[in-house]
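Protein chains in written order, with the numbering used here: chain A, 4 to 152; chain B, 62 to 340; chain C, 1256 to 1595; chain D, 687 to 974.
Don't read these hints as lab results, they were simulated from the structure. As the structure is a computational prediction, the values presented were derived from the model and not from experiment. Just so it is clear, CB atoms sit at the ideal spot from N, CA and C, and this is done for glycine as well. Be aware that one or more of the hints could be misleading.
[To be verified] Between beta-carbon pairs, the in silico distance windows are:
hint, chain 1, residue 1, chain 2, residue 2, range
1, D, Val840, C, Leu1263, 55 to 61 Å
2, D, Thr702, C, Asp1564, 50 to 56 Å
3, B, Lys288, C, Phe1477, 25 to 31 Å
4, A, Asn130, B, Asn215, 55 to 61 Å
5, B, Thr329, D, Asp859, 54 to 60 Å
6, C, Asn1277, D, Val840, 40 to 46 Å
7, C, Gly1380, A, Asn130, 50 to 56 Å
8, C, Pro1341, B, Asn215, 52 to 58 Å
9, D, Thr702, B, Lys288, 37 to 43 Å
10, C, Asp1392, D, Ala847, 55 to 61 Å
[Stated by the list, open to error] These stretches of chain C come out as covered by chain A in the derived footprint (C-beta under 8 Å, 3 or more residues):
hint, region
11, 1512-1526
12, 1530-1544
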Amino acid sequence: MEEEKQFEPKIAAFVCNWCTYTGADLAGTSRLKYSADIKMIRVPCTGRIDPVFLIKAFEKGADGVLISGCHPNDCHYNTGNFHARRRWILFRQLLDFVGIDSSRVHFSWVSASEGKKFVDVVTEVVNKVKEKGPFTRYAKINKEFVIHE
Amino acid sequence: MSGSNIYKPEMMEITDIVQETSDTKTFRLKFKNESTAKSFSFKAGQFGEYGVFGEGESTFCIASSPTRSEYIECSFKQIGKVTTALTRLRVGDSVGFRGPYGNYFPVEEMKGKNVVFIAGGIGLAPVRCVIWNTLDLRNDFKDVTIIYGARSFNDLVYKRELKEWKERKDIKTVVTVDPGGEVPDWDGEIGFVPAIVEKVAPKAENTVAIVCGPPIMIKFTIPVLQKLGFAEENIITTLENRMKCGLGKCGRCNVGNVYVCKDGPVFTYAQMKELPQEY
Amino acid sequence: MEEKIISLDNLSFFVNDLIKDNHIVIGQDSKEINWKRITGAKDIVVNSKNIPSNISYKEFVFAKTEPIIYYKNKKDEFDIVEPALPRQKLVFLGAKPCDARSIEIMSKVFNWDYKDKFFNERAEGSIVIGVACNYQDKFCFCTSVGLSPVTEKGSDLFLVPLDEKNFALQIVTERGKEFIQPYQKYLSDGNQAKSKEILSKIKNPEKRFETSKVSEWLTNNFEHKIFDNVGDICVGCGQCAFACPVCHCFDIVDEECDYSSGRRMKNWDACQFGLFTLHGSGHNPRETQGKRYRQRIAHKFKYYQDKFDEVLCTGCGRCSRGCPVGIDIAEVVAEINSLA
Amino acid sequence: MNELRAKAKELLTNGTVKVVIGYIESTTPDRTKPFIARTAEDAEKLVFNKYCVNNLALYLTRKEFRRTGVVGIVAKGCDVKAIVQLIQENQVNKDDVYIIGMNCNGVVSELGQDFSAETIATKCLNCSVRTPLLYHTLLGTLEDLPKREDKNFVLMQKLDAMSAGERWDFWEDEFERCVKCYACRQACPLCYCERCIADKTVPRWIESSAHTRGNFSWNIIRAFHLAGRCIGCNECERACPAEIPLSLLNRKMGMVAKKEFDFVAGMGLDTPTLVGTYNLNDNEDFIK
Chain A
4 MEEEKQFEPK IAAFVCNWCT YTGADLAGTS RLKYSADIKM IRVPCTGRID
54 PVFLIKAFEK GADGVLISGC HPNDCHYNTG NFHARRRWIL FRQLLDFVGI
104 DSSRVHFSWV SASEGKKFVD VVTEVVNKVK EKGPFTRYAK INKEFVIHE
Chain B
62 MSGSNIYKPE MMEITDIVQE TSDTKTFRLK FKNESTAKSF SFKAGQFGEY
112 GVFGEGESTF CIASSPTRSE YIECSFKQIG KVTTALTRLR VGDSVGFRGP
162 YGNYFPVEEM KGKNVVFIAG GIGLAPVRCV IWNTLDLRND FKDVTIIYGA
212 RSFNDLVYKR ELKEWKERKD IKTVVTVDPG GEVPDWDGEI GFVPAIVEKV
262 APKAENTVAI VCGPPIMIKF TIPVLQKLGF AEENIITTLE NRMKCGLGKC
312 GRCNVGNVYV CKDGPVFTYA QMKELPQEY
Chain C
1256 MEEKIISLDN LSFFVNDLIK DNHIVIGQDS KEINWKRITG AKDIVVNSKN
1306 IPSNISYKEF VFAKTEPIIY YKNKKDEFDI VEPALPRQKL VFLGAKPCDA
1356 RSIEIMSKVF NWDYKDKFFN ERAEGSIVIG VACNYQDKFC FCTSVGLSPV
1406 TEKGSDLFLV PLDEKNFALQ IVTERGKEFI QPYQKYLSDG NQAKSKEILS
1456 KIKNPEKRFE TSKVSEWLTN NFEHKIFDNV GDICVGCGQC AFACPVCHCF
1506 DIVDEECDYS SGRRMKNWDA CQFGLFTLHG SGHNPRETQG KRYRQRIAHK
1556 FKYYQDKFDE VLCTGCGRCS RGCPVGIDIA EVVAEINSLA
Chain D
687 MNELRAKAKE LLTNGTVKVV IGYIESTTPD RTKPFIARTA EDAEKLVFNK
737 YCVNNLALYL TRKEFRRTGV VGIVAKGCDV KAIVQLIQEN QVNKDDVYII
787 GMNCNGVVSE LGQDFSAETI ATKCLNCSVR TPLLYHTLLG TLEDLPKRED
837 KNFVLMQKLD AMSAGERWDF WEDEFERCVK CYACRQACPL CYCERCIADK
887 TVPRWIESSA HTRGNFSWNI IRAFHLAGRC IGCNECERAC PAEIPLSLLN
937 RKMGMVAKKE FDFVAGMGLD TPTLVGTYNL NDNEDFIK
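Using the sequences and the hints, build the whole thing.
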């Protein structure tokens, strides 16, 4: 009997250049292992993360999204993460309201020195998304986009 | 079946790229499909839709002469999404092409007459097509005069050809740049195109003037030509309107009763005057 | 013209048969928003009294968005794949006279010189079953553009409600005759006198303007404050164009399917959008809303007429009913008429 | 109504303003449409009644009117909320607008309907600004409002009780009808951007095609860009030819703003905009 292929989630991670990305680097140089299901996209600041990024990620088949940046008061640009936080409070609930389960969207503060925390966050996110299973809603409407020959 | 898909482009390959100015390039394109290449023909003044897959299509005139049928050339300025994508392409890359579309310059009727070409900036591209068409059949035409201007020396396109035309004895070529746009060893004229046309004063008798350039240049050049005695029917220009389909369907280029893409882009001044000022 | 009678029950059987025979039957949605594919007799809304839907049925022949080519990236090469375009057997059930002509009118622009296969593959096989119209409000002006609530123009078959339970079915065209042939069993013999009487009782909307007069005025009065006055309040949305049964402008854009393939789409577009004519250089030939509104009026009542001998308007009044700022096209054109 | 005409006339003749943005009767008496009065004669045509649904603040950001100096505007309480929000966002200068405030007794939900308890607009049901917050002249008297059930709110509760998947299905059905005519955007007084993100092509974030995928992303982003800014005039929903219940999205965002930040858009000239600012103590219990 064929064993069912294990679900490998696709998770887009938008991370800030100054903290989380560097934190991920540290995890790497410290030889800490984290899941390859995370696809990292580096942005200058969490304040740069436009909600359309998340929509686009889901459109392109992401099963989950991770957004991570500097701890409050640590932002390289002073207030980027405060503004971002406010936007997420609103945006999460909007996503929920239109039917994109906001528990697929994860947020964290990971500083440049928190390589271990980064690994923990990634592991947790991957596990949670795996638990939720694949995000089929967009996959369903994307079926229309295959080439009909 | 009610015909083929009119929106389907033919694949062309870039065989040469010339950087005309800092933001203008000329592509030389060849059809990938042999039989398409053989059956393809066009007339001076027609245009095509050049597409980059994933970015979209953009409309440019065919800048090469129909007398040289083994390739087509197009020149474009990097402005928007598609032209930026085109700029990034290299020799050997593919471009989608639909065309040729639209009407054309009355080259047959121009035979036996004098021809004056007046162009400004990138507006030389459609004129260049007729210039080469004329020069390749030089004996069919009488006097040929080329007046071309750009904002500055750096904005002049087809510099190599301008030099070639200047050196030719059988045509008169005047190149000008706007005041302040010259370089130290500039040997051409300095001044706006309408003023230079007035200075060169081509004779109007038995002459056709082909004018193309920015709207402002056309606006001021036409009165000069009329003062020189050119009839409205003998002043010919080509209009540029935003287009998407090039087939007279999408409605974008509709000005008055005409679809610029089907009924144009070549219009005489007499025809143009009848149109609403929406180009 | 041959005339038959079809009862309401038989109409349901007829539609069920059509669906079984692979016809795609399109009818007005009961919410009066748009037209939908009918999946069974329960969806049938053939009603001479209902208001025209917010959005016309043109989307079934001229889709609001559809792929015109697919492309696949293979190393340095692109493969172009044409979308499968099965010839559809469309049946528009219950089209009012102001809807019934729409395909005919649009077909002119999609078929002059170059032929648009995407339109034709759907339009050519389509059958329009019209219905006499008993609805009328202040926005209806079909009589002003050469139609009427009782005209069978544009329909292949035309229904006239005789009573609560029965329709007269007029066989208008040869195509209609051929189409109805296999379903004769649902028809009984008709009596033209009755339907004639019913049709004669239907009141025509007031004739508001003379299209030839309007067209002539537009030729001579390109610059006029009437357009600027509308431009003042027009917000530049595409409601009027998208609801219109005959507006046919479109845009072509590329979009991704996946990472190595994509498709080129043909999407509805509207002349009221500021970006419609914007050149790459930043120059916009129609830079104010007033000029864009003039284009709309002139295209409908002059340009299309000059070029294709057809008024690009059916007088359904959708654009006026739905306009968020209450611009009434008939009012504007009637004003032009009074100036001419 | 005479008061209104007299006031508009006065403003136009004494040169306080060059234009008064108001309403005139449309095709039928039960419809009105926006009108730009430029002369005393024009002012005679102005009306104000229960059919004055449009939010005229929409025209305040138009360059051609702003260029004329101080702009006069006939505004209901809800329109003034939009004006306040525009002032907050520095789109309109407080001193460049002359508000003829109207005490409002409710308007119809759709043009062409009789005014009754059945047809009163949703936005009027729980209106707290029947007398505008900000005005230069106040006209009209308040009467009792008819009452009806807030169906919109009931639907919202129904949606809230659903699972995410069910909600998606609901919106998929609704958005499927969207034709991308952008009437929602164009009718919105707060969608004043010179170049909307939906029109931007480099890169194109929101697909311009009106298929479900493109419609989802447009409608989500539209709602988000109005989060904490929407003043609830529901013009988007009224303008929509596909009758998508857009106000639900905006209302949801408004409720979140109220719950999380105790913020209501367009209610005060002294409160900064919601997303233009932040608080060090904003909730972050969803962030790890």
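How the hints compare with the structure:
Here the CB-CB span from D/Val840 to C/Leu1263 is close to 35 Å, at odds with the stated 55 to 61 Å. A hinted range of 50 to 56 Å for the beta carbons of D/Thr702 and C/Asp1564 is consistent with their spacing of about 53 Å. Between B/Lys288 and C/Phe1477 the beta carbons are some 27 Å apart, a value that agrees with the proposed interval 25 to 31 Å. Between A/Asn130 and B/Asn215 the beta carbons are some 60 Å apart, a value that agrees with the proposed interval 55 to 61 Å.
Between B/Thr329 and D/Asp859 the beta carbons are some 55 Å apart, a value that agrees with the proposed interval 54 to 60 Å. Between C/Asn1277 and D/Val840 the CB atoms are about 42 Å apart, so this pair conforms to the stated range of 40 to 46 Å. Checked against the given bound of 50 to 56 Å, the beta carbons of C/Gly1380 and A/Asn130, roughly 54 Å apart, stay inside it. Range check, C/Pro1341 to B/Asn215: about 55 Å between beta-carbon atoms, so the 52 to 58 Å window is met.
With their beta carbons about 51 Å apart, D/Thr702 and B/Lys288 fall outside the hinted range of 37 to 43 Å. Range check, C/Asp1392 to D/Ala847: Cβ separation about 39 Å, and the 55 to 61 Å hint is violated. Closer than 8 Å: that is the beta-carbon criterion, and the region 1512-1526 of chain C has 4 residues meeting it against chain A, so the requirement of 3 holds. Residues of the region 1530-1544 of chain C lying with their CB closer than 8 Å to a CB of chain A number 0, which falls below the three-residue condition for coverage.
Hint check: violations occur at hints 1, 9, 10, 12; the rest are consistent with the structure.
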